[in-house]
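*Asks:* What follows is each chain in one-letter form.
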Amino acid sequence: MPDSAILDLTRLRDAFGDDDAGIIELLELALGTGTRHVERLRAALRDGDVTAVAKAAHGIKGSASNIGAGNVTRISAEIEDRARNARLDGVPELTLALEEAYEALRMSVRDYRAEAL
Amino acid sequence: MNRVMVVDDHETNLKVYARVITQIPNASSNAFLSPKGALRWAEQNDVSLLLVDQEMPEMPGVDFVRAFRDIRGRHDVPIIMITATSDKELRRAAAQSGVSAFLTKPVDPVEFIAIAQNFLVMHSLKRDALVRAEGVQAQLRTMQGVLDAKDIELIETLERIMEARDKRLADHCKRTALFAEAIANKLRLATKDVHGIAIATRVHDIGKLSIPDRVLLKPARLSEAEWRIVRGHTSAGAALFADRETPILALAAQIALAHHERFDGFGYPGGLKGEAIPQAARVVAVADAFAALTAYRPYRDALSVGLALDEVERGAGDRFEPRVVGALRECTAEINDVRARYPDLAPTA
Numbered sequence: 001m002p003d004s005a006i007l008d009l010t011r012l013r014d015a016f017g018d019d020d021a022g023i024i025e026l027l028e029l030a031l032g033t034g035t036r037h038v039e040r041l042r043a044a045l046r047d048g049d050v051t052a053v054a055k056a057a058h059g060i061k062g063s064a065s066n067i068g069a070g071n072v073t074r075i076s077a078e079i080e081d082r083a084r085n086a087r088l089d090g091v092p093e094l095t096l097a098l099e100e101a102y103e104a105l106r107m108s109v110r111d112y113r114a115e116a117l
Numbered sequence: 001m002n003r004v005m006v007v008d009d010h011e012t013n014l015k016v017y018a019r020v021i022t023q024i025p026n027a028s029s030n031a032f033l034s035p036k037g038a039l040r041w042a043e044q045n046d047v048s049l050l051l052v053d054q055e056m057p058e059m060p061g062v063d064f065v066r067a068f069r070d071i072r073g074r075h076d077v078p079i080i081m082i083t084a085t086s087d088k089e090l091r092r093a094a095a096q097s098g099v100s101a102f103l104t105k106p107v108d109p110v111e112f113i114a115i116a117q118n119f120l121v122m123h124s125l126k127r128d129a130l131v132r133a134e135g136v137q138a139q140l141r142t143m144q145g146v147l148d149a150k151d152i153e154l155i156e157t158l159e160r161i162m163e164a165r166d167k168r169l170a171d172h173c174k175r176t177a178l179f180a181e182a183i184a185n186k187l188r189l190a191t192k193d194v195h196g197i198a199i200a201t202r203v204h205d206i207g208k209l210s211i212p213d214r215v216l217l218k219p220a221r222l223s224e225a226e227w228r229i230v231r232g233h234t235s236a237g238a239a240l241f242a243d244r245e246t247p248i249l250a251l252a253a254q255i256a257l258a259h260h261e262r263f264d265g266f267g268y269p270g271g272l273k274g275e276a277i278p279q280a281a282r283v284v285a286v287a288d289a290f291a292a293l294t295a296y297r298p299y300r301d302a303l304s305v306g307l308a309l310d311e312v313e314r315g316a317g318d319r320f321e322p323r324v325v326g327a328l329r330e331c332t333a334e335i336n337d338v339r340a341r342y343p344d345l346a347p348t349a
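Protein sequences appear in the order of chains Z and R.
Here the first sequence is numbered in the numbering used here, starting from 1 and rising by one per residue.
Here the second sequence is numbered in the numbering used here, starting from 1 and rising by one per residue.
Honestly, the hints are just simulated from the structure, not real lab data.
No residue lacks a Cβ here, since even glycine has one placed at the ideal position from N, Cα and C.
Careful: at least some of the hints might be erroneous.
[To be verified] From the derived model, a few chain R residues whose C-beta atoms are all more than 10 Å from chain Z: (1) N13; (2) P57; (3) S100; (4) K126; (5) I152; (6) K273; (7) V305; (8) A308.
[Unchecked claim] Subject to a maximum C-alpha distance of 25 Å in a straight line, what follows is the list of computed PhoX-like cross-link-like pairs (lysine-lysine): (9) R:K186 x R:K174; (10) R:K192 x R:K150; (11) Z:K55 x R:K186; (12) Z:K55 x R:K88.
[As the list claims (entries may be wrong)] Here chain Z is said to cover these stretches of chain R; the calculated rule only asks that three of the stretch's residues, wherever they fall, bring their Cβ under 8 Å from a Cβ of chain Z: (13) 3 to 12; (14) 101 to 113.
Please work from the sequences and hints to get the whole structure.
*Replies:* Take a look at the structure:
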């Protein structure tokens, strides 16, 4: 079982039942789109565009929360919150943390796959 | 099968929602990453429930909901909006644009299924009720048609009675009805009103049956006392249809009573003025006068169409409503057609 702060499968279990293959397919899809969203977030950050930063973080938060990726959800929520208040201080650091959270999620999914399939 | 439409620009979200929907009995999902693509699809396909994300770069959820509601037949589809924020103002705007319920991310599958099922049941009950109501309305229309047919039969019988007593009177009624119908059409009255006038006018002078032969068939100008008797035909005709409540017979009573009212208020029997005269009667007044002028009378020859139109025209504003007279002017083709179908009887020797 993965660390629930990184990946909490409760909701996905409600949706997918014991279809581990389905859950893993979805998580891998989420990891792929997550990478693209983080790139979008980085680009917005480079441009100093707070609105774009908020939007990108908001999108990440929404999908991450649906798949139970707790750390990714929390960090992206914090980034969104700051950007909505037109603050970018600490956001570069948070973005790094977000990438680390995604990396941890990736490990978690890999372990889960090894265990389940 | 209930179609649940899902619109979210994040593929992972779409997959989760679609998967949850598979757990709803009797439901299938149609998932869209592009709101615009979803709208195009919804134009062609019925939807039982819409699940839409609030924040999409291509089109905000609120705008999507408005556009969706504007599609024909989608105004009553329940809509669940999924939000990642609890922004009250946004929710208020969404609710005003037609959102039925909100779910907050992360979406709890159990909660979602319960809500979706309730909405699907509600929606299908609503649709069933609508179909039933339409059925009842169609039945009512059929029944009204049957009732109308009975009234038309009665009118036809009355026409035969008139014909047996006075062929000239029966012909005058037929011609007047056709002229009145043509005028009503030119005035762009509602189809059912035109139809009603066309039928009810066929007995507008039925009250003349109460006039004794010595007056009704008198081959000369009438005395004042005799005119008084003739004027009674309006009330006498209306009395035949008193208390009849079906649309055609009620209209027949109205026309019989008021077709000699004058627009300036100096007509009979009520002395009604202008708009106080029922519209159908204002139309028949013109048709009746025109039909009389173009027909032979024992005390004068029939007028030509042109002279008769001029004569009616002179009455515009005092005897007749000017708009109705104007409409008669436009009826040349119909007038000629009626005169060909029901030629005036040659004067009897």
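*Asks:* Could you run down the list of hints and mark each one as holding or not?
*Replies:* Do the hints match the structure? See the list:
1. N13: violated, 5 Å
2. P57: violated, 7 Å
3. S100: holds, 20 Å
4. K126: holds, 28 Å
5. I152: holds, 65 Å
6. K273: Holds, since 70 Å exceeds 10 Å.
7. V305: holds, 77 Å
8. A308: Fine: 79 Å to the nearest Cβ keeps R:A308 off the interface.
9. R:K186 x R:K174: Status holds; Cα separation ~19 Å.
10. R:K192 x R:K150: holds, 16 Å
11. Z:K55 x R:K186: Answer violated: Z:K55 to R:K186 is near 62 Å, above 25 Å.
12. Z:K55 x R:K88: Holds, at about 18 Å.
13. 3 to 12: holds (count 4)
14. 101 to 113: holds (count 6)
The structure shown violates the earlier hints numbered 1, 2 and 11.
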